[in-house]
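Peer 1: What follows is each chain in one-letter form.
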Amino acid sequence: MDLRELYQEVILDHGKNPRNHRFPEPYNREGRGYNPLCGDKITLRLQLDGDTITDIGFLGQGCAISQASCSTMTQALKGKTLAEAEELFGKFHTMVTSDDGTDDDLDALGKLAVFAGVREFPMRVKCATLGWHTLNQALHNERGEARTE
Amino acid sequence: MTGPSPALAATAPRFDVKRARQDFPALHQEVHGKPLVYLDSAATSLKPQAVIDAVDEVYARDCANIHRAVHLLSQRATARFEAAREKVQLFLNAAKKSEVIFTRGTTEAINLVAQSFGRALLREGDEVLVSELEHHSNIVPWQILCQQTGAKLVVVPITERGEILPEAFEEKLSDRTKIVALAHVSNALGTVLPVRELISLAHNRGAVVLLDGAQAVSHVEVDVQALDCDFYAFSGHKLYGPTGIGALYGKERLLEGMPPYQGGGDMIRSVTFEETIYNDLPYKFEAGTPNIAGAIGLGAAIDYLGGFDQAAVHAHEDALLRYATEALEAVPGVRLIGTAPHKVAALSFLMDAAHPHDIGTIVDSEGVAIRTGHHCAQPIMEHFGIAATARASLGMYNTTDDVDAFIGALERVQELFG
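In the order they appear, the protein sequences are chains Y and W. Residue 18 in my numbering is what sits at position 18 of the first sequence, and the numbering runs on without skipping anything. With the second sequence counted from 1, adding 1000 to any position gets you my numbering.
Please note that a few of the clues may not be correct.
Unchecked claim - Residues from chain W that face chain Y, not an exhaustive set, calculated with beta carbons under 10 Å:
(1) 1157
(2) 1358
(3) 1359
(4) 1387
(5) 1416
(6) 1417
To be verified - A short list of chain Y residues far from chain W (calculated; beta carbon distances all over 10 Å):
(7) 15
(8) 22
(9) 25
(10) 28
(11) 50
(12) 61
(13) 75
(14) 89
(15) 90
(16) 93
(17) 94
(18) 97
(19) 98
(20) 102
(21) 104
It should be emphasised that the hints constitute simulated quantities derived from the structure, not laboratory data. Glycine included, every Cβ here is placed at the ideal spot set by N, Cα and C.
This is chain W alone, in the form it adopts within the complex (with noise of 0.2 Å):
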């Protein structure tokens, strides 16, 4: 989280927020008489326009299905759902577009992977390495493979601050571990977790590794082939693309060898009553008509955050994490929840006078969108003897103005509350 140095944030390509916060139609709204302060962006992003028309444009204009019908709206359609793809194989750095499976999102994602992967390579006994502070989608697919295979769910504690260590890690992995299912970043923390390491740490052991990337793609570089991973989950909807659609990848060797996830259309080659012939990747994990629109908006996303400098973006979203993070830390009977020194666009917090849900309620009317409660890692919550937090998220369009209107409204719980 260090900042550019003064030189060379002279010279370094420029964000310009105000600009960007017009391509966002949903930030220009009143709730409650007061102006929309969204700082709920780790819950789902708001979309530019340019996602909301190729979406639209879909529908209104090459509305066919697709790897289908010789008529032109379907190649259109397919042209398009195919240059998707493609958009998300640069934005990871795949090495391959057939290791691109679009799904649903990255719930999806993981239990395709405990399903085919893990229900194939698992034997009782094996074990399946999370962490403590992961969410319940990337706990869950993993808990019923262990109940379906016998394998045992093993866990990395979090430091006080929210932390994974490279020692705890290396600690709890084994010659039995055979997949390893760890957050990019966490979603109720903001913790950044050191993957690098972790990867090549659980590959020294022959573990393969998924990575849920839910709350990463949108604030730090993705390079999967520089990572190692051997899986990445992602939302399209927390990366200011449309919900429903989000994407796997994986590496070809593992995929190649992997069985179907579901049986249904698009996943086969040839159908008969004795036997079935699947389809290559990655249409083999493709069953049924996919989320055609969703595929294509998420195109469109990544299309538009490559129109900024994406180094430039996170460095706005740093600083005003800092920003943020002090301001909060001002508040009199605050208490930060995830204080690791590698976060991102995260703060949960609780205050002495309120509980999370009045906190939420006020800070609603006065126009502030934050999250209240658990936030789906309720693992994490019980590490700190809590029921909720409060959480205050960022995109790329809040600004220090958007800050200084949620402190405001934390005020506002201090005058009914303190």
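Extracted from the complex, chain Y is given alone in its bound form (with noise of 0.2 Å):
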């Protein structure tokens, strides 16, 4: 095992500085997610114009890998439509859960493939994974908390 692979100096800096650590203004979409188990903690809002989403943040407490899947995440998806960002938690989720992704699937997630070494500790998967499930909450606009459990 190697934590180099968990650890990848993206995932460092992310975790440590995260980006778009604040909350957009104005904002339409709001979605708040915990991790029972860990206890981590993070609200997200983003502002979507029609169906695309043109600013979005978090804020929120976690481990590096929880803080940096949202930076990493929140920087990908601005400017995304509503599809494109569905399309990525999709293959973002298969690649930190399983080996089904393909190359192809690994170069349309970009930077966000830093994260497919999550997919070797399954008790982190859901580090990974609390933002994503946040966002969806968020733009289906679900009440309550995104729960990793």
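Hints in hand, dock the two standalone chains.
Peer 2: Take a look at the structure:
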């Protein structure tokens, strides 16, 4: 098991200095995420104009994996349409949970591909997907919290 | 936590940890290519071969239901099951064997008391007193009971060091306090509560006291008669025994007056559709076929521990805790959570450099097993304004080498995150 596979430089960097670590103004969607296993909590807000995400940010606390995942996710989503965002979530989820993804999928994920190593650490998959579950909740305007459990 | 004086140490029976380690097969394996360093005994302790063999033998030889058939296998299984009850009785120094009820563990034992004793007793406006450092298992059953009865849950606050002070406890006691439920030892912080004094204070106000002994039984001597607690709950799997078995001790006078907790086999004397006559103690509270192999395995664990001088084992653990505390405090950026003067076996901590979850993953890659998270004690986390801690906890088989490996693994955290 190589820890560097999990804790890649990009992840360490984004974990320490998360990007878009602020709430956008104005915003019209909000999601809240909670991982009861480790207590990680995040709030994600975004501005949806038509079906395009024009701004997005988050605040919260958590481990390096969850913070870096939220950070890189917000970077990847700015300017994306809803359909593109959902497609990215699908590819990301496949990448961190199974070997089923293709090289094309990895290319499509761009920087998000640094989370491929999470697959080898089943206990940490929930850390990597917390932000994405919260996004899903924000986009579908569901009440309550997105939970990893 | 004061150690023996040098003069005493010379004559006190010694505990040979190296020899004891040979008895625990799970210790002798590699994880991620490194020798296992197991520092999660507060979650569950590893099992000695004697326990594994005892459980194995039940299924391989004495596999029968108990208290029923006349055949030999059933007689053997029944005898071993009841012998295990007697071992638990002696271990807790209960006055009678019938005061020991086998349960699935601490959690079920507490729920039994809440739903049988508590539900029959409590009226609207009564109070149940717990402390801020309780495990969820010693909070939620009482919350449920309070919802059912209209009683109120009252909480004794902890100090910044993670202690429960008798003065703070006394302040929360009232004439309405009917039940007091306290940890004997805190699972998240390792604090040993001054239970003897707290029990006496509670009794002075007419309250009944349950102790959650899950974290205590393997680290401090338990004598339910000397403590004068009314109920004592513990789990076998934290006492080097199997999972899925534990026990509730209750004073006979209280148990006799309590209605059954669950209905089923073994807890009845006779059944008609008009009326059921309940069985005597302890069977009244043991509905259904119990965890026979688990109880026998727990008995084997108690026998195993009986082969050592317990004071020497505890002294070994105390010395190791002091060694680990000093080593951990010397690591830059580490903050200990829970610094009560009377502590056993657990070190909860934070590191500036990394979140507990990341610490857990990194030390695991070095072969070191610790726990991370809220330890099922979220009110404690809230008290300290944190979401989680990393926790290293000790068992009888741990050594200074284990602590050194753990501290070394923390250096790896600094390397990656520093």
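Peer 1: Taking the earlier hints as the rules, which of them does this structure contradict?
Peer 2: Checked against the structure, the hints that fail are numbers 1, 7, 12, while the rest are satisfied.
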